[in-house]
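S.K.: Now for the letters of each chain:
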Amino acid sequence: QVQLVQSGAEVKKPGASVKVSCKASGHTFTDENIHWVRQAPGQGLEWMGWINPNSGGTNYAQKFQGRVTMTRDTSISTASMELSRLRSDDTAIYYCARDSPMVPFDYWGQGTLVTVSS
Amino acid sequence: DIQMTQSPSAMSASVGDRVTITCRASQGIRNYLAWFQQKPGKVPKRLIYAASSLHSGVPSRFSGSGFGTEFTLTISSLQPEDFATYYCLHHNSYPRTFGQGTKVEIK
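Protein sequence lines correspond, in order, to chains A and B.
Per our numbering, the first sequence runs over residues 1 to 118.
Per our numbering, the second sequence runs over residues 119 to 225.
Hints are computed from structural coordinates only; laboratory data are not their basis.
Wrong hints could be hidden among the right ones.
Keeping only pairs whose Cα atoms sit at most 30 Å apart, straight-line, the calculated DSBU-like set for lysine-lysine is [to be verified]:
hint, chain 1, residue 1, chain 2, residue 2
1, B, Lys-163, A, Lys-12
2, A, Lys-13, A, Lys-23
3, B, Lys-157, A, Lys-23
4, A, Lys-63, B, Lys-157
Model the full structure from these sequences, guided by the hints.
M.R.: Rendered as C-alpha cells:
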C-alpha cells in the first residue's frame with residue numbers, strides 16, 4: 001500500500017534552516033507529484049508547494065518563495081523540503097502528501113513537527 | 119489567488135443530526151474541490167474529491183456537491199466518530215488553497 005514516511009521532529013533556532021524528508025513506497029515515485037502542507041499549532045492547513053519527482057520541477061507558494069527549496073532523490077524515492085531563515089512563526093507540523101490528477105492529497109505523511117525557538 | 123471561505127467556522131450538533139458545511143470559492147473552480155477530515159493530533163484524512171466522489175472506505179453518510187463557486191459537504195446522520203474539523207481544498211490552479219476549517223463539536 002502507498003506510504004509516505006517523514007523524518008523526525010526538529011528543534012531549530014531562529015535564522016537556521018530545516019530539511020524534512022518524505023520517503024515514498026507502494027507506488028511509482030516518479031508518477032505523482034509530492035506536495036508540502038503545514039499546520040501551525042491550533043491553526044488550519046497551509047499549502048507550501050509541490051515537486052514533480054520525475055522532472056524535479058517545482059512550484060512554490062509566493063509566501064515561501066526565496067525561503068523554501070523542494071528536492072527529490074529518485075534513487076531512494078524520497079522528496080525533501082528545506083525551509084531557511086526560520087522564524088518562530090514557522091513552528092508547525094509539516095506534511096508531505098501525494099497528488100494524483102483529480103485526486104489531490106490522497107495519501108499523507110505522518111507529519112514532522114518543527115519547533116523554532118531560541 | 120483563489121480564496122476559499124468555509125461556513126460555519128464552528129458548529130455544535132448532536133448524534134443523528136444532518137450536518138451541512140459550505141465552501142465558497144472566490145472564482146470558479148469547476149469541480150476541482152476536495153474535502154478532508156482532521157481529528158486532533160491526527161493526519162488529515164481524505165473524504166471527497168472532484169466535489170462529489172467519495173474515496174473508498176469513507177462511509178456513505180458523507181456526500182459532497184457543487185460546481186463552480188459553491189460547494190457543500192453533508193453528513194446525513196452525524197456519528198460520534200465524525201466530530202472533527204473539516205477542510206475544503208481547491209485544486210483548480212496554483213496556488214492551492216484550503217478553507218479555514220469547520221469544527222464540528224458535540225452539542
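S.K.: Would you mind marking each hint as holding or not holding in the structure?
M.R.: Here is what the structure says about each hint:
{"no.": "1", "hint": "B:Lys-163 - A:Lys-12", "result": "holds (29 Å)"}
{"no.": "2", "hint": "A:Lys-13 - A:Lys-23", "result": "holds (26 Å)"}
{"no.": "3", "hint": "B:Lys-157 - A:Lys-23", "result": "holds (24 Å)"}
{"no.": "4", "hint": "A:Lys-63 - B:Lys-157", "result": "holds (27 Å)"}
The structure agrees with every numbered hint stated previously.
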